Structure formats: structure tokens, C-alpha cells
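K.L.:
Taken in order, these protein sequences are the chains called A and B. Taking this note's numbering, the leading residue of the first sequence gets 199, the next gets one more, and so forth. Taking this note's numbering, the leading residue of the second sequence gets 175, the next gets one more, and so forth.
Calculated directly from the structure, the hints in this document are not laboratory data. Keep in mind it's a predicted model, so treat the numbers as computed, not measured. Glycine included, C-beta positions come from ideal geometry on N, C-alpha and C. Treat the hints with care, as some may be off.
If you want the footprint, here are the derived chain B segments under chain A, 3+ residues with CB under 8 Å [what the hints assert, rightly or not]:
| # | region |
| --- | --- |
| 1 | 228-237 |
| 2 | 262-270 |
| 3 | 274-285 |
| 4 | 295-303 |
Here is how the chains run, residue by residue.
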Amino acid sequence: MAASKPAVPAAFTLEKGSSLGRDALRRLAKNRAAVVAGVVLSALVLACILVPSLSYWRYDQADLATGPTPPSFQHWMGTDYFGRDLLARVFFGGRISFAVGLFATLVSFFIGITWGGVAGYFGGKVDAVLMRIVDVLYTVPFFIVVILLMVFFAGQEGPLFKGFKSVLSVFVAHPEDPSYFPIFQILIVFAALGGISWLTMARIVRGQVISLREQPFVEAARSIGAGHAALIFRHLLPNALGPIIVYTTLTIPEVMMIEAFLSFLGLGTQEPLSSWGLLAATGADSMDLYPWTLIFPALMLAISLFCFNFLGDGLRDALDPRIRKD
Amino acid sequence: MALLEVHGLKTHFSTEEGNVRAVDGVSFHVERGEVLGIVGESGSGKSVTSLSLLRLIPSPPGRIVAGEILFESSPGKKEDLVRVSEARMRAVRGDRIAMIFQDPMTSLNPYMHVGEQLVEVLELHKKMKRPEARQKAIEMLKAVGIPAPQQRIDDHPHQLSGGMRQRVMIAMALLCEPDLLIADEPTTALDVTVQAQILELIQDRQKALGLGVILITHDLGVIAKMADRVAVMYAGRIVEEGPVDVIFEDPRHPYTIGLKSSIPRLDAVRGGTLTPIPGMPPSMARLPPGCPFHPRCAHAIARCKEVYPDEREIPAEDGRHLVRCHVEDLAAGSVAS
Chain A
199 MAASKPAVPA
209 AFTLEKGSSL
219 GRDALRRLAK
229 NRAAVVAGVV
239 LSALVLACIL
249 VPSLSYWRYD
259 QADLATGPTP
269 PSFQHWMGTD
279 YFGRDLLARV
289 FFGGRISFAV
299 GLFATLVSFF
309 IGITWGGVAG
319 YFGGKVDAVL
329 MRIVDVLYTV
339 PFFIVVILLM
349 VFFAGQEGPL
359 FKGFKSVLSV
369 FVAHPEDPSY
379 FPIFQILIVF
389 AALGGISWLT
399 MARIVRGQVI
409 SLREQPFVEA
419 ARSIGAGHAA
429 LIFRHLLPNA
439 LGPIIVYTTL
449 TIPEVMMIEA
459 FLSFLGLGTQ
469 EPLSSWGLLA
479 ATGADSMDLY
489 PWTLIFPALM
499 LAISLFCFNF
509 LGDGLRDALD
519 PRIRKD
Chain B
175 MALLEVHGLK
185 THFSTEEGNV
195 RAVDGVSFHV
205 ERGEVLGIVG
215 ESGSGKSVTS
225 LSLLRLIPSP
235 PGRIVAGEIL
245 FESSPGKKED
255 LVRVSEARMR
265 AVRGDRIAMI
275 FQDPMTSLNP
285 YMHVGEQLVE
295 VLELHKKMKR
305 PEARQKAIEM
315 LKAVGIPAPQ
325 QRIDDHPHQL
335 SGGMRQRVMI
345 AMALLCEPDL
355 LIADEPTTAL
365 DVTVQAQILE
375 LIQDRQKALG
385 LGVILITHDL
395 GVIAKMADRV
405 AVMYAGRIVE
415 EGPVDVIFED
425 PRHPYTIGLK
435 SSIPRLDAVR
445 GGTLTPIPGM
455 PPSMARLPPG
465 CPFHPRCAHA
475 IARCKEVYPD
485 EREIPAEDGR
495 HLVRCHVEDL
505 AAGSVAS
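Kindly generate the complete structure, drawing on both the sequences and the hints.
P.N.:
Shown next, in the form of C-alpha cells:
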């Protein structure tokens, strides 16, 4: 620390103030684990975007004559039971896994934070009603709901799919094309995951806001005439940012795990689409014979979960301006 | 016409111990350009009074149950702040009536730059655009004696010292040129040397802007330096009120007399002892009947235990001197100590 001090004594240089964002980035850059995690995650996301489009092999191009082969020059991650290139399938699956994580997290971020913030800030009856709704939703057995949703409402003949097709007809020429059905099923999974992902966030934010609400700076903000919205969104929620960020970065991998589990059970992503969970599930069935079909998707899942956790930790530290600069 | 007139203000809290009458029938007034000091022990209702003026009492459990707060928001126009809408109240807060809090360490939002917090006030009340508001904020930081305000405005509160933060709080309070400033123990959390600077700053701004100031403190030294008039609070009521010289030289309420004789003095005899007021302030949930001070009062008579004393005016040369005590022939000299 002493070595990094400028030659000019501090008294002669006026310290330039800096913004929260810039400060945070600088502090984040000092956290090696977070930087590595960020770089690896970005590389993974980029690969998921690019690889399926650039790869010579298509993710759904079966070659029964080849069958399952271990990693080779032609197929870097080998091929699966149907001779499909695993590399293309893994990175295509990454798209869906990341998308599910991102969507559910956005829902949790916007609905959960607002819900919890409002409940915590107003307290009393508002709090009671809002949090009882959360409690009720918590008690709903999630997997049963998803199963029921998939079995009874999300079938090919179900009303939901008909609705989906009529929406789809606005955008595409042939909505009756059966290849749209898996996409529709993924949307159902998205909705279900989004529906539960914000509950814990709402509880966390509510708890934070309740403890912050009594802080003098909130009273001071009220004394300058700030309204409810300004108090919640400008004064209270930014102060709860630490736990929010950490929980958000934990939500992404958690949701990816749930998606993987649903796919594992055959309720989430459906063939010929792929996701890391689905790939791991099919890989696990044949791990004695073709271990690479399990190892690669599982590795991807594990790496991204690790990275999200490290990044979340780093972001929490970096976003707190009270932590000293050096 | 007075800037602020408070009549019979009662703020009660419902708690598990019962109905706490934190402020129980307080009346006072503040003129433009005048400093009213409110003194009292912890729990005497000083802060609740000041928060009631801005309707910042957390509700529930608190509630203003009676009284009126007449505020002259524009010349000749009186508003009863107890009855105006919440939206109107928000427009008054920070604009016409501003407040400085006790602890500058925790009264600024740690996540916002000092500048953003200042700009927020101007955006709320003056509908100023950002660059203009920022310019005004820099000027105001300069006016409250913050060096290099262009740089400091982008600092986070934790980068400033306690005194600087209190200066920022004062700058924030004065940005909209309010008519009334409520300072709730503005120097309690500061070092003694910084205290003097902050008090001088408040006094300087008060004179320059012709502010009405309500200064709440338990420090009689601060009152002597700053106030024009003093109100002494005990157990949720004002027990004595008058011009500062009169209160210090000719206090008539045994509580005020006790407060005065418990101040350490530089010119006192070495080795002499201070005379504290015996006992503790009563629990606000279980006030003694009659005059709540009677269990601690050396002059209490039978009537003190039964009847709360009415306001009595004592002839004084400049201004009204009011006291609530049954014992009429009490004067500073008559208290043997």
C-alpha cells in the first residue's frame, strides 16, 4: 500500500471524486478471482453465441452410422448416441441454460426487489398482505405445478399451445410446424421458473429494507421532502445492493440447476433442443459406456456455477463505497 | 405575525407499556429571524416535538392527537401543518422548513455522492435541471465553508469528516432558502472544537438569511450562545419559557433552577461540588399525577401531587416569561445549595 502512494504528499493533491460505477469497477479489477470468473463467463457466453452458428456440425444433425465416438479431431467433444456433435450440442445447450438463468433472474430482480421494497418500506398491512402472498406461493409445491402444467396444459392439443400458435402466426408463416413445440415448452419452463425465482428475493429485500428504514439518513431524506418512490428506489434499495447482487448471482446458477433438474426428469427442454441439464441427464444414462457425454456438459455447468459465485462475491465487495479504497 | 405558532400540540405513541404521551400539550411560537432554543433531558419530548412539526413521526405507533401547527408559508398565509395533505407536507419539507439532524455520520445516504443528495433537494423543490442544480450545490457548499467544493461534491459521505458532513447537512437544509430551520442537537455528535465552528456557521447563516431557527439541545452552553428565547421541556411539556437572559438570570421553575446549578462553571471554587437534580426523569408511560416533576422537587407542596400547574406569567422587562409551577415565591436565590 505504501509503495503505491504518489510521490507528491496527499495534502497537495486534491483528490478527485469518482462515481460509484467507476469506483466499483476499479475495486472489482483488484479482485483476481472475480476477474478470472468474469473473463471465463464472458468467454463461455460468447462461445455459446458463436459456436453453434460457426461450427461445421449442426446441433441436431444425427449420423446414426457414426454413432457415439469419443473426442477426436473431427468432434472435439465426441458425439452422442445418435452421432450428433457434442461440441455443437453443448454450446447450443448453453444458450438455453444461460437464457433460462438470465430470464428468471431478471424476473427476480424486478418483481422481487419491487415487491420486497414496497412491503418493507410501508410495513403494517401492506407488508402483511404482500408477504402472505409470497408465503402462499412458497407453499405451492413447485415441481408438481410444473408437472401438471406440462402434462395438462402444455400438450400439443392444450389451450396454451393453441394460444402460443396464434401469437406465433403473427411472426412466422407456418405456426403449425411441429418444431415450434419444444420452444413453446421452454417458454413454459421460463414462466414457471420466473414465477418462483422472485420469492426469496422479495423476502431478502424486505428484510434489508426494514432494517434500513430506521436509519437516520432515511429520516433525513424524508425531511427534505422525498416521496415514497424516491425513498424506496433512490435511498433504500441502493443500500441493500450488496445482498441483492449476491443473491442475484446465486439465483442464476440456482435456476440453471433447476432447469437442469427439470430437463433431467424430462419436463424441461426437449429433444432435439439441448440444454446442459438435458445433456447431463442423457449422458448420465450412458456414463459407463460413453463418459464424455456426461463429462462435458457437467463440466460446463460446474464452471459457470463457480464463476457466478466468485463474480457475485467480488461485485458485492466492489459495490460497497464504504469499503476503503486500498 | 409569527412564522410558526404551535398550540396545544400532543403527540402520543401507543406502545406495549401503554399510551406514551411524549409531547403533551406544547405551545410555542417562533418569529422570523429568531432563534428559539428548546432544552430538556433525554426523553423530555424535544425531538418528538421537532419531528412532529414536519410530521415525520413514525406512524404507527406515533400520532399527533391534538393541537395545531400554524406555519406562515408565504406572507399572510397560514397553514395548519397538522391538517394539510401528505403531498403538501412533502412540498414544505426541505423547502420551507428544513431540518438538521443530530448525527451527520448516519444522516447522509452512504451510497450517494454528496452532490447527488444536494441536487435531489433542488430537483424536488425547485424543478432545476441537473447542471444548474449542481452549480447551485457547489455554491452552497462553498457558503458553508467546505474547501474545494468542486472536488468535494463528488465525494461519498464516508470520505468526509464529521464536521464536514454536518456542513453538508447544513448546506442541504439551506439550499432552498427555507423560512424555518429545525436543528435537532446539531453539534452533539461532534468534537468540541468542531461544535463551535458549526454553531458559528448556523448563526452566521441565520443572520444572513433571516431564518427562524428552532435549536434543540440539552446543552445550556449552546443555548446561551445561540438562542434569543428559551423553552425548557420536562416530561412532554414546556415548563418555563422566556427570553434567554431572563431564563439564565431569573429562572422560576425548580427544574430550570436545577439545570442551571448542575452546569460546571470555570469560575467555581475548586473542589466545590455540582448540584445535580436528584432522581431520574419519569417513565413517559407512567407519569406521576399532578406536576410530573414533584417527586424530584425540593419545593413541592401538597397541590403539586394533585393538580398540573397552569401557565403563569412573570413580569419581565423584555418579552414574556412563562412558568408552570404552583410555588409562586420561588426565585433563583431561594434555592439553597
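K.L.:
Each hint: holds or not?
P.N.:
Now the hints, each set against the structure:
no. : hint    : verdict
1   : 228-237 : holds (count 3)
2   : 262-270 : holds (count 6)
3   : 274-285 : holds (count 9)
4   : 295-303 : holds (count 3)
The earlier numbered hints are all upheld by this structure, with none contradicted.
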